[in-house]
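4 protein chains.
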Amino acid sequence: MTTRVGIIGATGAVGQRLIQLLDPHPEFEVAALTASEDSTGSTYEEAAKWRISAPIPERVADMEVGETSPEAIPDDVSLVFSSLPSSVGAAVEPAFCEAGYIVSSNSSNGRADEDVPLTIPEVNADHIDLIEVQRDRRGWDGALVKNPNCSTITMVPPLAALEEAFGLERVTVSTLQAVSGAGYSGVTSMEIIDNAIPHIGGEEAKMETESRKLLGTFDGAEVEWLDARVDASCNRIPTLDGHLENVWTDTVAEATPDAAAEAMGSYPGLDLHSSPDRLVHVFEDPKRPQPRLDRDRENGMAIAAGGLQPTEGGIQFNCLAHNTLRGAAGASLLNGELLLENGYL
Amino acid sequence: MTTRVGIIGATGAVGQRLIQLLDPHPEFEVAALTASEDSTGSTYEEAAKWRISAPIPERVADMEVGETSPEAIPDDVSLVFSSLPSSVGAAVEPAFCEAGYIVSSNSSNGRADEDVPLTIPEVNADHIDLIEVQRDRRGWDGALVKNPNCSTITMVPPLAALEEAFGLERVTVSTLQAVSGAGYSGVTSMEIIDNAIPHIGGEEAKMETESRKLLGTFDGAEVEWLDARVDASCNRIPTLDGHLENVWTDTVAEATPDAAAEAMGSYPGLDLHSSPDRLVHVFEDPKRPQPRLDRDRENGMAIAAGGLQPTEGGIQFNCLAHNTLRGAAGASLLNGELLLENGYL
Amino acid sequence: MTTRVGIIGATGAVGQRLIQLLDPHPEFEVAALTASEDSTGSTYEEAAKWRISAPIPERVADMEVGETSPEAIPDDVSLVFSSLPSSVGAAVEPAFCEAGYIVSSNSSNGRADEDVPLTIPEVNADHIDLIEVQRDRRGWDGALVKNPNCSTITMVPPLAALEEAFGLERVTVSTLQAVSGAGYSGVTSMEIIDNAIPHIGGEEAKMETESRKLLGTFDGAEVEWLDARVDASCNRIPTLDGHLENVWTDTVAEATPDAAAEAMGSYPGLDLHSSPDRLVHVFEDPKRPQPRLDRDRENGMAIAAGGLQPTEGGIQFNCLAHNTLRGAAGASLLNGELLLENGYL
Amino acid sequence: MTTRVGIIGATGAVGQRLIQLLDPHPEFEVAALTASEDSTGSTYEEAAKWRISAPIPERVADMEVGETSPEAIPDDVSLVFSSLPSSVGAAVEPAFCEAGYIVSSNSSNGRADEDVPLTIPEVNADHIDLIEVQRDRRGWDGALVKNPNCSTITMVPPLAALEEAFGLERVTVSTLQAVSGAGYSGVTSMEIIDNAIPHIGGEEAKMETESRKLLGTFDGAEVEWLDARVDASCNRIPTLDGHLENVWTDTVAEATPDAAAEAMGSYPGLDLHSSPDRLVHVFEDPKRPQPRLDRDRENGMAIAAGGLQPTEGGIQFNCLAHNTLRGAAGASLLNGELLLENGYL
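Residue numbers (my numbering), protein chains in the order written: chain A, 813 to 1157; chain B, 813 to 1157; chain C, 813 to 1157; chain D, 813 to 1157.
Copies of the same chain look alike in the list, so a pair counts if it fits in one copy or across any two.
Below, computed lysine to aspartate or glutamate pairings styled on DMTMM-like, alpha-carbon distance capped at 25 Å:
{"id": "1", "residue 1": "K861", "residue 2": "E1096"}
{"id": "2", "residue 1": "K1099", "residue 2": "E858"}
{"id": "3", "residue 1": "K1018", "residue 2": "D1031"}
{"id": "4", "residue 1": "K861", "residue 2": "D1097"}
{"id": "5", "residue 1": "K1018", "residue 2": "D925"}
{"id": "6", "residue 1": "K1018", "residue 2": "D1062"}
{"id": "7", "residue 1": "K1018", "residue 2": "E1096"}
{"id": "8", "residue 1": "K1018", "residue 2": "D1097"}
{"id": "9", "residue 1": "K1018", "residue 2": "D938"}
{"id": "10", "residue 1": "K1099", "residue 2": "D1062"}
The set of hints was computed from the structure by calculation and includes no laboratory data.
With the rest of the complex left out, here is chain A (with noise of 0.2 Å):
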């Protein structure tokens, strides 16, 4: 028996990637499918300029698109995957809670409040019982699960293991991130060949807010977050796919690269379907991760790191994430499946 889920924002960029990772999915089967007015009632193929060079899932290529709204949604789903622009989600999310699905939700609207959940579930699980809370105050039947930033993903479970081994107090990120973060059109070919563009508008303050939430503890009541200073400056490369990144840590405790590598390389994973066998993959060779190289690990959903060094009073690390598996699609079906394993489904 399999849970049936709808996607709503379907047609973009994160949509067409869910939908390529539900194809098949033993535990999950795409049901309802909903996009902007103007694809209402056209087929998912119709509507969707079908970016992945895989072809378009058949069952789902005839399937009908319907309007981005609770009633567009069977009663029998109980999972929603949201991949909305932020100022859509922020409108249309909290109706689909409060008709009773559960949103597991990549749109970045919300990821701050103190009575959502925002989690990778190899990290900080435990954030999801957050729900409680929230229905609590909000009277939902439903309730609204985040997944954080792709360019905050990449850096966090290398981080969560350094904080579990030697506490971290301050970490300065910069970012080398792909087009593809910015969407299909979002980056065009006369901006960045031969180029690079600094700062991406948000995504510092994202990822300076959202790792010290994913980091806090949750004590049933409401989440602490880290008290570490981040400072994080973004760039946009031409990579088509894997933000890399160089980070800085401050550590409470004395760390070697060496216990640094064995802490990332040791982190638990999790059981779940689309969780890799292991979580971070350390390099020894100081050259990698390299975006092209090593985004693909594990189908795309392992963080790679490398370049451990020791500094003043902490550990300098790269690592690396595929932005629209690990960092956005992958992650809000990760988050779906956590959803289902701890019973919410």
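Please build the complex by placing chains B, C and D on the supplied structure of chain A, with the hints as guidance.
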């Protein structure tokens, strides 16, 4: 009357750029070219695989390439530009100095030596008088003067402005470096298309040490290095020219972005022939500077800065310079112009 | 005394290049700028997203942008440059001609019309007098003059040299076109990084028809198109500027590569302000021309050719031109200069 | 029972791809690896700079690399794959053949020799029996079999379909080739970023001769080459893998695009292990095939075609294949599978 100069290691990428910058030059005239043994006796045109799109200067094309030894340099040459691989530079440059030539060198050997001036003329022209200490100690008639690494040059002028205005305690820098920094054949297309490569061997260490020497104080006897912590992480990306850098600083006195921008933008330049009219161009648009759009400002000799933001206790900014002009050939040339201005030639 | 000119569609990529080329120009002075309705009343700086790395010319920055209709153009303007989308051009340009303005247009509408001069001044300046036929037929005081498509312009000068020297029977051409040819946002980075895209809609047909009209004979009444077969295949590749083309010709008389190179290299130019000193630069090195190395020759107004080889019954060669300079803005400007030279202004 | 095979020139780019394709293979088992002298005695892992993102197969990593001479190959090996530089291949391959080994070679030496089978199994499997002629003439116990150049392989299957259906009189082809075709270090990033390079030395000639031999007729004694004119122009562009080609044909019988698409799409394949299910994938979308989207179809062994259009007297189309899989390592492997199938091993 122009000063006659030689170029040793004239066929490499930096040598070619030097020849381009000296064609013509109001103060200097190319009088001797040397290269590795197998080129000796050829014309420059035969010996060099000319890579620059502007044609090879006619006068230089027909010059005979000599052996890289003091004997190959006419006696009326007083200044020699060197852009040798550092292992060769270490072996060969002292012989030129001993033979009475002043060597303005882009090679990395000896940059950290106590009695070797490492200068960016607009930043620490006074360090040039370390030549006196050097001559006392080494008994040379000539002298050895160095310019820093291209990635160091990019950040030091804005950092110098901050140091002067607020004092620096800590600097963290991440670089997005162009492929030309590795030489014409240093990065293959298979390595870098749709990719980025972390860790440039030796480059991080150069940034950390050279910047502290450049920002240090010379009391007539020795340079006291800046007492600040500098952490660097260097990355290669698919750009042709222009190193972009993300920098975080902790300052001694409190700094606002406006005051920092003012300090950078008004940082004084020099009247040397190759100096830019304004040393640091400060952008308000946080998405600038960008390598392709901004590397050629003021003939590739200006530094561009932007994205100034407050951090807890400091200022975060981005900066950019043309790595083979301001960062290499132009840097050596500027040191040559400073030597002339200060009466050393 | 300079001629006052207007630019309609002034905010687009070609409009911006025109403004750059006219800043300053010894014969023309920008007196009016128009754009689409939502820009009307703004300054040019507000209306245009200025994309060129050189700063926006000061004089133009503050000019008010008018509506794209003859009423918005001062009476003392006699020449109007047009770079509108072809559907808009078809609707709007005739009104300007009727109102007495001479329109030098880069838009593709009307290029094949019997009474519309389609000119590359160095190749078929005499076709400009088709204006008389046009005025007779249409009753206009003004006139409509067109330059060809960027990919056509690239190959026609070398083909004209071959036609004149040997006669042409058949031409086959494959293009490797830069992304700027599709406009600033025409090709996304997700489409073109590590990729090439065959078939540029409409472009093949333009090359096949326009080249035959350009190489045709004007007898004072009509243009007899060149009677040769032309087959084209157009591709987009990851270059910023500069279209490279592989061309095969079957010639009437026998041609050797040497004689063909001689014919191309000595093909006469013109003395117009924007004409290159030498129209076709012929390379001996078969690996030239290359887009990045050769697109900027003579301010981007020269054509480069190379790789001349004999085939059974003809000559094979490669050619290159800067698509937004020689191939668009510069082409319209050159037509304007021809109109002035020939007394039409 | 698997056949034991050797790989000579095992450390190069094609050798590495072969090892990847043979890990595992139902019919073949790697039993010997050779490389240049300075690698002799090392393990394969030490000798090869492994460039493929998938990890080096464990079994092969520890194998000792031998000298490239028949003595280094165990007697129970019957098939040897060769991917040596052509000058080395010319010197070395005959010795292996004389020593009784059958050599399936990707090197370009000898491809045009009268008694050397040059085969694409799906196209001209019958040519393999030229081995009998070769053995008679050369007195070898072994045999030398070649696959064509990667750019030739890309166009020959669709051309074979057209030749069979309509007859070919003339073929003109322009290629847009990936950098991997030049080997891992063959094209530097400084050469190809924002650029394209015309003329690939020797490649045009290979396409012109090899295609006529492949499409020729074998009567048991000799191959009569196809009597058609073939003109090629080859270009390097900034793609990693996948050669895209524009092809024009003049056909003997009249051909429509529909009939040509039918001929290509139904061109029969083979049942060999590495053969694709369908040899030629024909696209309706004229903007396909594209290198990044279509090079990996059927494990990189399918040919993609599209953009079929009528010309005066023929058909124009585009085609694409993965140059290091279908065009090199996979081509040699497929020839090996054909040799096994036909009883030569």
